[in-house]
Every structure is written in structure tokens, then in C-alpha cells.
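Peer 1: Sequence:
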Amino acid sequence: KAVEKAEDDYDGAWRDLQKHDIEKIDTLVGIAASGTTPYVVGGLEKARSEGLLTACITANPSAPASSKAEYAIEVETGPEFLTGSTRMKAGTAQKMVLNMISTGIMIRLGRVLDNKMVDMQLNNAKLRERAVDMVVALSGLSEEKAEELLREKGGVRAALKSLDIG
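So the sequence shown is numbered by my numbering: it starts at 362 and just counts up by one.
Calculated directly from the structure, the hints in this document are not laboratory data.
Backbone N, C-alpha and C fix where the C-beta goes; we use that ideal spot for every residue, glycine too.
One should not assume that every hint holds.
Pair ranges (Cβ atoms, derived) [as the list claims (entries may be wrong)]:
1) K456 to E509: 20 to 28 Å
2) M478 to T453: 20 to 28 Å
3) T453 to N484: 40 to 48 Å
4) K380 to G412: 48 to 56 Å
5) L524 to N460: 26 to 34 Å
6) M481 to D525: 16 to 24 Å
7) E437 to N484: 19 to 27 Å
With a Cα cut of at most 25 Å, we get these calculated DSS-like pairs of lysine-lysine [claimed, not checked]:
8) K487 to K506
9) K362 to K456
10) K487 to K477
11) K506 to K477
12) K456 to K366
13) K487 to K514
14) K385 to K407
15) K477 to K456
16) K477 to K522
17) K487 to K456
18) K362 to K380
19) K366 to K380
20) K487 to K522
21) K450 to K366
22) K450 to K477
23) K487 to K450
24) K362 to K487
25) K506 to K522
26) K407 to K380
27) K385 to K450
Please model the entire structure based on the sequences and the hints provided.
Peer 2: Quick look at the structure:
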């Protein structure tokens with residue numbers, strides 16, 4: 362739930378992070394279009410002083426957040442079409458960067474096989490269909506056999522593992 366003026370609380374991010382059992386092995390990525398938001402800047406500064414790996418994603422070169430983080434990703438999007446509407450260019454660019462980061466993490470964690478995201482929740486028709494297509498492509502099974510195997514095993518990784526694939 363959004364809290365009014367929370368972004369102005371320099372110590373707020375660190376307080377909020379304490380609710381999540383963070384450790385020195387964790388990484389904090391601060392996200393602020395301007396790179397000046399006190400909540401983000403303060404969180405990065407405290408996290409870095411506590412030994413966490415820190416990064417930031419901003420749309421403002423050389424912003425304060427960049428100097429507080431070990432790694433700064435500065436996406437230069439230029440002025441917004443509507444002044445102050447950072448959800449347009451800056452927010453979209455930051456979302457693209459987050460997608461790249463999360464995809465890279467999934468690859469490093471081994472959740473991708475042969476360029477396919479095999480560790481996914483099959484909780485809707487589209488994802489179940491995608492899972493069937495993956496099992497068919499990676500195993501050569503018919504769609505019917507792939508559906509049956511997925512129902513039995515509960516997921517793509519388990520289905521493929523039962524076939525000694527991946």
C-alpha cells in the first residue's frame with residue numbers, strides 16, 4: 362500500500378528492509394527516475410555501509426543515487442513528453458532494465474534450459490500451453506503425452522527430468 366511522503370524519508374528504506382531478514386549476501390537495487398529520491402538514496406547508502414552489494418537504476422546521469430551505489434545503471438531517456446510523468450519514458454526504460462536483470466538471474470540460477478524458462482508456475486491456460494510446447498520441443502513427445510506428463514509431474518522441469526532431459 363502506498364504511503365504518502367514515504368519517498369522523502371531518508372531512513373525509511375532501511376527500516377523497511379529490516380522486515381525482510383536481509384543479509385550481506387543480498388543485493389539492493391535502488392530505483393528512482395530522478396536518482397534523487399531520499400528513500401532510495403538513503404537505503405543505498407545504509408545498505409552499502411552494512412556490506413550489501415548495491416546498484417541503482419536512474420534516468421538521470423550522475424544523480425546522487427549513482428554515487429551511493431557500487432553499480433549505477435543510468436538510462437538516458439531525455440525529458441518526459443509530459444513533465445513529471447516519469448512512468449512514461451523513464452519508468453518504461455527502468456522496467457526494461459529490471460527485465461534484463463531478472464532474466465540474467467534466472468539463467469544464472471539454472472532455471473533456463475535450451476533458451477526456455479523451464480521453472481514456471483503453470484497457473485493459467487497460457488502458461489500450461491507454453492509448458493506443453495516446451496516439453497514437446499525438448500523431448501519429441503506428442504502434445505497429448507506432454508500434457509499427461511505435465512499433469513503427472515506438475516511442471517516442466519520435473520517432466521523433463523523424468524525423461525532424463527536437463
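Peer 1: Evaluate each hint against the coordinates.
Peer 2: Results for each hint:
1. K456 to E509: 20 to 28 Å: Roughly 37 Å apart at Cβ, these two residues miss the hinted range, so it is violated.
2. M478 to T453: 20 to 28 Å: holds (22 Å)
3. T453 to N484: 40 to 48 Å: Violated, since T453 and N484 (Cβ atoms, about 26 Å apart) do not stay within the stated range.
4. K380 to G412: 48 to 56 Å: violated (19 Å)
5. L524 to N460: 26 to 34 Å: Once the Cβ atoms are compared, 30 Å apart, the range 26 to 34 Å for N460 and L524 holds.
6. M481 to D525: 16 to 24 Å: Because 21 Å falls inside the window, the suggested range holds.
7. E437 to N484: 19 to 27 Å: The hinted range 19 to 27 Å is violated for E437 and N484, with Cβ atoms some 38 Å apart.
8. K487 to K506: The given pair, whose Cα atoms are some 18 Å apart, holds under the 25 Å limit.
9. K362 to K456: Given that 25 Å is the threshold and the Cα spacing comes to 20 Å, the pair holds.
10. K487 to K477: Cα-Cα ~15 Å, so holds.
11. K506 to K477: holds (19 Å)
12. K456 to K366: Measuring from Cα to Cα gives roughly 23 Å; hence the hint holds.
13. K487 to K514: Distance ~18 Å between K487 and K514 Cα, so the pair holds.
14. K385 to K407: holds (12 Å)
15. K477 to K456: holds (21 Å)
16. K477 to K522: holds (15 Å)
17. K487 to K456: holds (23 Å)
18. K362 to K380: Judged against 25 Å, a Cα distance of about 15 Å means the pair holds.
19. K366 to K380: Since the Cα atoms of K366 and K380 sit roughly 20 Å apart, the hinted pair holds (cutoff 25 Å).
20. K487 to K522: holds (22 Å)
21. K450 to K366: This hinted pair holds, its Cα atoms lying about 23 Å apart.
22. K450 to K477: Answer violated: K450 to K477 is near 29 Å, above 25 Å.
23. K487 to K450: violated (29 Å)
24. K362 to K487: violated (29 Å)
25. K506 to K522: Answer holds: K506 to K522 is near 15 Å, not above 25 Å.
26. K407 to K380: holds (15 Å)
27. K385 to K450: violated (33 Å)
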